[in-house]
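**Student:** Given only the sequences and the hints, what does the whole structure look like? Please build it.
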Amino acid sequence: MKLQEYRSKEILARHGVALLDGIVASTPAEARAAAERIGSPVVVKAQVLVGGRGKAGGVKLAATPAEAEARAAEIIGLVIKGVTVRTLLVVPAAEIAKEYYLGLILDRAAKAVTVIASADGGVEIEETAKTNPGAILRLPLHPLIGLREHNVRRVAFFLGLDPEQRRAFGPIMRGLYAAFMASDADLAEINPLVTTPGGELLALDAKIVLDDSALPRHPELEAMRDLAEEEPSEIAAREAGINFIKLDGNIGCMVNGAGLAMTTMDLVKLAGGEPANFLDIGGGAKADRVSTAFAIILDDPRVQAILVNIFGGITRGDEVARGIVEARASLQRTVPMVVRIVGTNSVEAADILRQANLITADSLDDAAAKAVAAALAEGGAA
Amino acid sequence: MKLQEYRSKEILARHGVALLDGIVASTPAEARAAAERIGSPVVVKAQVLVGGRGKAGGVKLAATPAEAEARAAEIIGLVIKGVTVRTLLVVPAAEIAKEYYLGLILDRAAKAVTVIASADGGVEIEETAKTNPGAILRLPLHPLIGLREHNVRRVAFFLGLDPEQRRAFGPIMRGLYAAFMASDADLAEINPLVTTPGGELLALDAKIVLDDSALPRHPELEAMRDLAEEEPSEIAAREAGINFIKLDGNIGCMVNGAGLAMTTMDLVKLAGGEPANFLDIGGGAKADRVSTAFAIILDDPRVQAILVNIFGGITRGDEVARGIVEARASLQRTVPMVVRIVGTNSVEAADILRQANLITADSLDDAAAKAVAAALAEGGAA
Amino acid sequence: MSILVNNATRLLVQGITGREGEFHSRAMLEYGTPIVAGMTPGKGGQSALDGRVPVYDTVAEAVEQTGANASCIFVPAPAAPDAMLEAAEAGIPLIFCITEGIPALDMLAVYHVLRAKGARLIGPNCPGATSVSEAKVGIIPGEIHRRGPVGLVSRSGTLTYEVVQAMTDAGLGQTTCVGIGGDPIVGSNFIDMLSMFNEDPETEAIVMIGEIGGDEEERAAAYCAREVRKPMAAFVAGRTAPPGRRMGHAGAIISGGAGTAESKRLALEAAGIRVADSPSQIPGLLRAAGVR
Amino acid sequence: MSILVNNATRLLVQGITGREGEFHSRAMLEYGTPIVAGMTPGKGGQSALDGRVPVYDTVAEAVEQTGANASCIFVPAPAAPDAMLEAAEAGIPLIFCITEGIPALDMLAVYHVLRAKGARLIGPNCPGATSVSEAKVGIIPGEIHRRGPVGLVSRSGTLTYEVVQAMTDAGLGQTTCVGIGGDPIVGSNFIDMLSMFNEDPETEAIVMIGEIGGDEEERAAAYCAREVRKPMAAFVAGRTAPPGRRMGHAGAIISGGAGTAESKRLALEAAGIRVADSPSQIPGLLRAAGVR
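Residue numbers (the working numbering), protein chains in the order written: chain G, 1 to 382; chain F, 1 to 382; chain X, 1 to 292; chain L, 1 to 292.
Because the hints were derived from the structure by calculation, they are not lab data. A couple of the hints might just be wrong.
Straight-line Cα separation of at most 16 Å, EDC-like style, residue types lysine to aspartate or glutamate; simulated pairs [to be verified]:
1) L:K230 / L:E202
2) F:K2 / F:D226
3) F:K55 / F:E74
4) L:K43 / G:D162
5) F:K269 / L:E20
6) G:K111 / X:E262
7) G:K2 / G:E231
8) G:K246 / G:E229
9) F:K286 / L:E20
10) G:K269 / X:D277
11) F:K111 / L:E202
12) X:K43 / F:E164
13) G:K98 / G:E200
14) G:K98 / G:D120
15) G:K246 / G:E231
16) X:K43 / F:D162
17) F:K55 / F:E124
18) F:K269 / L:E262
19) G:K269 / X:E20
20) G:K55 / G:E124
21) G:K60 / G:E95
22) G:K286 / X:E20
23) F:K286 / F:E239
24) L:K43 / G:E124
**Tutor:** See the structure below:
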C-alpha cells in the first residue's frame with residue numbers, strides 16, 4: 001500500500017527525520033491560510049499516488065498567500081495519470097544547494113533491507129540507474145542486526161557530505177531505517193534529500209510503500225489508506241478478502257490462486273479476448289465470498305462474460321459450485337458464465353453446475369475459448 | 001557487579017515481572033512502619049551480596065509489625081560471611097504452593113544468553129545441577145534474534161505449568177529477558193519463582209549480576225552499586241581505573257596485565273610468600289596511577305614488601321619507573337620494594353630505578369624470591 | 001528416487017489440530033505420508049486424526065519422541081515465523097510452510113536464521129511437495145499425480161496442479177512436484193530445486209513454472225544453461241499483468257519495467273528451454289524434447 | 001611457515017590516527033609488517049606515520065584501494081564492535097581486535113555475525129600475533145622474539161611476553177605467538193589456534209598459556225589428546241586467585257567451583273601435556289620433550 005507524501009513525512013518526522021513542516025489543504029482557501037501560517041514563499045504540492053506530479057503541473061511555487069490560493073485552485077481537480085487531485089500539501093519553499101536520493105527497499109535478491117543512495121537526487125532512481133549506474137550505492141544491511149554506524153558512515157561518505165552534514169545525516173538515516181522497520185515497509189525513500197545553502201540537511205519529498213501482508217498488525221497505517229484514489233470495486237474486494245485488480249477488457253475472471261488467475265487472463269488474451277480483471281478468491285473460498293466476487297466483476301458494465309476457473313486444493317469444488325449457483329441467482333445483471341472446476345470434490349461440483357445450466361469446460365484452453373466466444377455473442381446481442 | 005535483591009527486583013518490576021512490592025528499611029522502626037504499610041504478615045530480609053542469608057538468620061517471618069521490628073533488630077548488624085547487614089527488605093509474606101528456578105546467564109561456552117530453568121526452585125541451582133541434573137533445562141537463545149515465543153513455551157512446558165500459569169509466565173520470562181538485555185547483565189535470576197495456592201505466579205527473590213565492561217553506558221545502574229559492602233581500597237582502585245582485589249597475604253603486588261598479575265601472585269606463593277592483593281595497573285599506566293596503586297597497596301598494614309613487575313608492551317617502562325620513584329617519595333609509609341621492568345624502554349627504566357636505590361630483579365622468579373626475603377626481613381625488623 | 005520427501009520422511013505437522021491442518025493431514029495420511037507427530041501448544045498428550053497421530057506441546061519434544069525429520073506448518077501468519085524458528089531450533093532439517101500472508105520483514109529474519117542452521121525451508125505461501133507414490137507434504141491434491149520421470153518446480157499453487165494434471169492426462173508422470181511459494185522472500189528458490197532434480201537419477205526431465213516479479217526465473221535460466229543437461233519445459237504466468245500491481249502473490253509485481261513475463265520467457269528461451277503459451281502445451285513440449 | 005600473519009599480510013589499521021593506534025602501527029611498520037592502509041572516519045585522503053600509510057574513511061574503500069587482507073583494531077570500546085562488523089562486512093578475512101572493555105552482549109552479536117561471514121577474529125582484549133621475522137600485528141613487543149620452531153598461544157598479554165622472553169633467552173625461537181584475548185567471548189579459542197599450529201609444518205612444538213575461568217583449557221586439553229602429536233608445554237595462571245572475583249580479565253573468574261587453575265592443570269596433564277609452575281620452566285619442559 002502506497003502512502004501519500006504527507007503521510008510518509010508524518011511517519012518520518014515521528015522517527016526524527018529532519019523535514020519542513022507542511023500543512024494539508026483541500027481547498028484554495030485552506031492553501032492560502034496554510035501559506036499565511038507558514039510564511040511565504042511556499043510550494044503547493046498535489047497529493048496523488050502516481051508519479052510525475054511535477055511534469056503534470058501538480059507542484060507549484062507561490063510567493064504570496066494569494067498566489068498559493070491561485071496555484072491551489074489550478075491544481076485541485078487536475079487529473080494526473082487518471083487520478084483527480086483532491087488534497088494538497090503546502091510546505092515552506094526551501095533553497096536548495098544540492099539534491100540527493102536516499103531510499104531503503106526490501107531487496108528480494110539480496111534478502112536484505114538495502115540502502116539505495118545517490119548524489120543525483122531529484123530524479124527517479126530508476127532513471128539514474130539507467131543513465132549513471134556508478135552514481136548509485138546499493139548497500140544491503142545485515143538482516144539480523146540491521147543498520148549500524150559503519151553503514152551510516154559509508155552512505156554519508158559516498159554522498160560526499162562534509163563533516164557538519166555527516167553529523168546531521170546520522171539521525172536522518174537512522175530515522176528512515178527506524179520508520180521502515182516500524183511500519184513494515186517495502187520501500188521508504190527521501191527524494192530529494194537536500195542541502196540548503198546554509199548547509200542544513202532536509203527531506204523535501206518522501207514516499208513510503210507498505211508491505212500489505214503486514215498491514216493487519218498496523219491498524220494505524222491501514223487507516224492512512226487513501227480510499228479516494230482507489231477503484232471502488234478494489235476497495236470492496238479487499239474488504240471481502242478477495243485479491244482483485246480491475247483491467248480494461250470484457251471477460252471477467254474468477255479464479256482460485258494467483259498464478260492460475262494470471263494464467264487464466266493470459267489464456268483469455270491468447271484466445272483473442274481481453275480480461276476485465278485479475279481475481280483470486282483465495283483459499284477456502286466460501287459461497288458468500290464467491291457471491292461478492294461476482295458482484296464486483298459485474299459492477300464493471302464492460303464485462304460481457306465471466307470465466308470461472310477453480311482448481312481444487314485448499315478450496316472445495318462443491319462449495320464453489322454451490323456459491324456460483326446461489327450467487328448467480330441473486331445477481332441484478334447476468335452474463336454468460338463458463339465454469340471449470342477441477343480437483344477436490346469436482347464430481348459433486350459438476351453435478352451442481354449442470355443442474356444450474358451453466359457452460360462447463362474440461363480444459364482451461366477450452367474454458368478460455370468458450371468465454372471469448374460467449375462474450376462475442378453477448379457483445380453482438382447487446 | 002552484583003546488585004542487591006531490592007535493586008534487582010526494582011529492575012525486574014520495571015520490565016513487567018510480577019512480584020510483591022517490598023519496602024526498604026535500615027532501622028527496626030522503619031521495618032515496623034513498612035510492615036504496617038504492607039499489612040502483616042511480612043518477611044524481613046537482609047540485603048547482602050553474599051549467599052546463604054537464610055541459613056545465617058538473615059531472613060525472618062514476622063506476623064505483626066511489632067514482630068517485624070523485633071526481627072529487624074536481630075538482623076541489622078548481623079555479620080553474614082564477613083558482611084555486616086545494614087539494609088533490609090520488608091516484603092509481604094506469600095503462601096507458596098510450589099517453587100521454581102528461572103535464570104538467564106551469559107553462557108560463554110554456548111556463546112549465547114541461555115535460559116536455565118528448574119522445577120526444583122528455592123535451592124541454589126548449582127546444588128540442583130549436582131543432585132538432579134535432569135531437573136534442569138538449559139536453553140541457549142539465538143544470539144541475534146533473542147527470546148522468541150517458542151522459547152517461552154518450551155520453558156513453560158518444561159516447568160509443567162498449567163494453562164493459566166503459562167499465560168502468566170510469558171510476561172515474566174519476557175520481562176526477565178528484557179531486563180537482562182537492557183542492563184547488560186551477566187546473570188539475572190528469579191529464585192524462587194513461586195506459584196501461590198491461588199495459582200498466581202510471583203518472583204519471590206531476584207539476583208542480577210551486571211557485566212562490568214558495560215557499566216560505563218549504564219550510569220543509572222552504576223549508581224546502584226552498594227559501596228557499603230565493598231572494601232574501601234577496592235572502591236579507591238576502581239575510581240583510579242585500577243583492577244585491584246584485596247587478599248590476605250603480606251606481599252603487595254603491582255603488575256601490568258591481568259594474566260601476569262595472577263602469575264606474579266602464583267610465584268610469590270611458590271616462593272613461600274603470600275600475596276596481599278591482585279593489582280593490574282592496566283595498559284598505558286601513568287605516574288599518577290602508579291602512585292595511587294602504591295597508596296592502595298600500602299593502605300593494608302599487613303603489607304611488608306611490594307613486588308613491582310612490569311613487562312612493557314602498551315606500557316612504557318620509563319614512565320612506570322619514574323612513577324615508582326615519585327610515588328615512593330610521597331608515601332607516608334614505605335616497605336622494601338622489588339622492581340622488575342622488562343620490555344619497551346626498559347633500559348631507561350633500569351637507570352631510573354638504580355638511581356633511586358630500589359631492589360631490582362632480572363627474572364620474575366628472582367623478583368618473587370627477593371620480595372619474599374624482603375618481607376621476611378621486614379617482618380623480623382617490625 | 002525423488003527429491004525432498006520420500007518413504008523415509010517422518011513428518012511432523014505443526015498446527016495439526018487446526019481446521020486446515022487437520023483436513024490436509026488427513027489427506028497426507030491417506031496418500032501414505034508417514035506423519036509421525038503433530039504439534040499444538042497446550043494439546044500435548046492428546047492425539048489427532050482419530051488417534052493415529054500423537055500430539056506434542058513443543059517441536060523439541062515431538063522430535064525427541066518420534067524422530068521427526070520434516071515438518072509441515074499450517075499455523076496462522078502471526079505465529080508462523082515462530083513455528084519455523086521452533087522447527088529449525090529443534091533440528092528439523094526440512095520445513096514446509098504452507099501459511100500465506102507472512103510479513104516480509106519477519107521472513108527476512110527467519111530466512112537467514114534457518115539458513116545458518118542448515119535447515120531447508122520450502123515456502124512460505126506454498127502448496128508443498130509430492131514425491132509421487134511416496135509422500136505428499138502440504139496441500140497438493142494427491143490424485144492429480146502419476147509416477148513418472150518428470151520433476152516439476154513452481155512458484156504457484158493451483159497453477160501447479162493445472163500443469164501436473166495436464167501431464168498426468170498426457171501420460172507423463174512425475175518424480176517430485178514442488179511449489180516453492182509466491183512470496184518475495186521464500187526459503188528455497190528455483191535453482192535450489194533445479195539442482196536437486198539435476199542430481200536425482202530418476203528425474204529425466206524438468207518442468208519449471210514461473211510468474212512475473214523478481215528475477216528468479218532469469219537466474220534459474222542462467223543456471224540451467226550452465227548446469228542442466230536434462231530436457232526442460234517452462235511456463236511463465238502473467239503476460240497480461242499490468243505493471244506496478246501486486247497480482248495476488250506478494251512477490252508477483254512488475255516494478256520499474258523489471259520482472260515481466262516477457263523478460264523471463266526470453267531468458268528461458270536463451271537458455272534453450274522451451275516455453276509454453278498454455279499449461280496444456282507442456283506435455284507436448286516434453287514429448288518433443290524426447291521425454292517418454 | 002607460520003600461522004595467521006606472514007609476509008603476504010596486507011594490514012589495515014582501524015584507528016590508526018589515535019594515540020595507541022599510531023604508536024603501535026609505527027612499531028609494526030618497523031618490525032616489517034606490511035601496513036597498506038589506515039582507517040579513521042573523516043580523515044580519508046590524509047596519510048599516517050609520516051606519509052607512509054594512506055588513510056581512508058571506510059574499510060570498504062581501504063580494501064578496494066589497497067587489497068588489505070587483515071585488520072588490526074585500536075578504536076575505543078564503544079566503537080570497537082562496529083569496527084569489527086565494518087571490517088567483516090568489507091570482506092576482511094582476518095581481524096585482530098586489541099581493544100579491551102567491550103560489553104559481552106555486544107561481542108555476542110559480533111561473534112556470530114563474523115562467524116557467519118567466515119571472518120576469523122582474534123580478540124578482543126588481546127595483544128595480537130607475531131609471526132617472527134615476518135609480521136607482527138598488535139602490541140606484542142617485537143624485540144622479545146627469535147625465529148624458531150615453537151608456536152605459542154595464550155589468553156593473556158604481558159604474561160605472553162614473559163613466556164616468549166623466557167623462550168628466546170633460552171635459545172628457543174618461535175614460529176607465531178598469538179594472544180587470543182582474556183574476555184568471556186573471544187573470536188577464536190585455543191583449539192582454533194592449536195589446530196593451525198598442528199597443521200603448520202614449521203611449528204614443531206606448541207606452548208599454551210591458560211588462566212582461570214571458563215573451560216577452554218579443558219576443551220583444548222581434550223582436543224590435544226585427540227589430535228596433536230607435537231610436543232607441548234603449558235602454564236596456567238591464577239592458582240592463588242580467590243573464587244567469585246573477576247581477576248582483571250573479564251573472563252578470569254572462578255564460578256561455582258569451576259574454572260580453577262587446578263582443574264585446568266589436571267586436564268592438561270591428563271592429556272599428556274607438561275604444565276610449568278613458572279613461566280621460566282617452559283623452555284626446560286620443551287627441551288625435555290625433545291625440542292631443539
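**Student:** If a hint holds in the structure, say so; if it doesn't, say that too.
**Tutor:** Verification of the hints:
| no. | hint | in the structure |
| --- | --- | --- |
| 1 | L:K230 / L:E202 | holds (11 Å) |
| 2 | F:K2 / F:D226 | holds (9 Å) |
| 3 | F:K55 / F:E74 | holds (14 Å) |
| 4 | L:K43 / G:D162 | holds (12 Å) |
| 5 | F:K269 / L:E20 | violated (35 Å) |
| 6 | G:K111 / X:E262 | violated (24 Å) |
| 7 | G:K2 / G:E231 | holds (14 Å) |
| 8 | G:K246 / G:E229 | holds (14 Å) |
| 9 | F:K286 / L:E20 | holds (14 Å) |
| 10 | G:K269 / X:D277 | holds (11 Å) |
| 11 | F:K111 / L:E202 | violated (33 Å) |
| 12 | X:K43 / F:E164 | holds (14 Å) |
| 13 | G:K98 / G:E200 | holds (11 Å) |
| 14 | G:K98 / G:D120 | holds (9 Å) |
| 15 | G:K246 / G:E231 | holds (8 Å) |
| 16 | X:K43 / F:D162 | holds (12 Å) |
| 17 | F:K55 / F:E124 | holds (13 Å) |
| 18 | F:K269 / L:E262 | holds (15 Å) |
| 19 | G:K269 / X:E20 | violated (35 Å) |
| 20 | G:K55 / G:E124 | holds (13 Å) |
| 21 | G:K60 / G:E95 | holds (14 Å) |
| 22 | G:K286 / X:E20 | holds (14 Å) |
| 23 | F:K286 / F:E239 | holds (15 Å) |
| 24 | L:K43 / G:E124 | violated (32 Å) |
Checked against the numbered hints listed earlier, the structure breaks hints 5, 6, 11, 19, 24; every other hint is satisfied.
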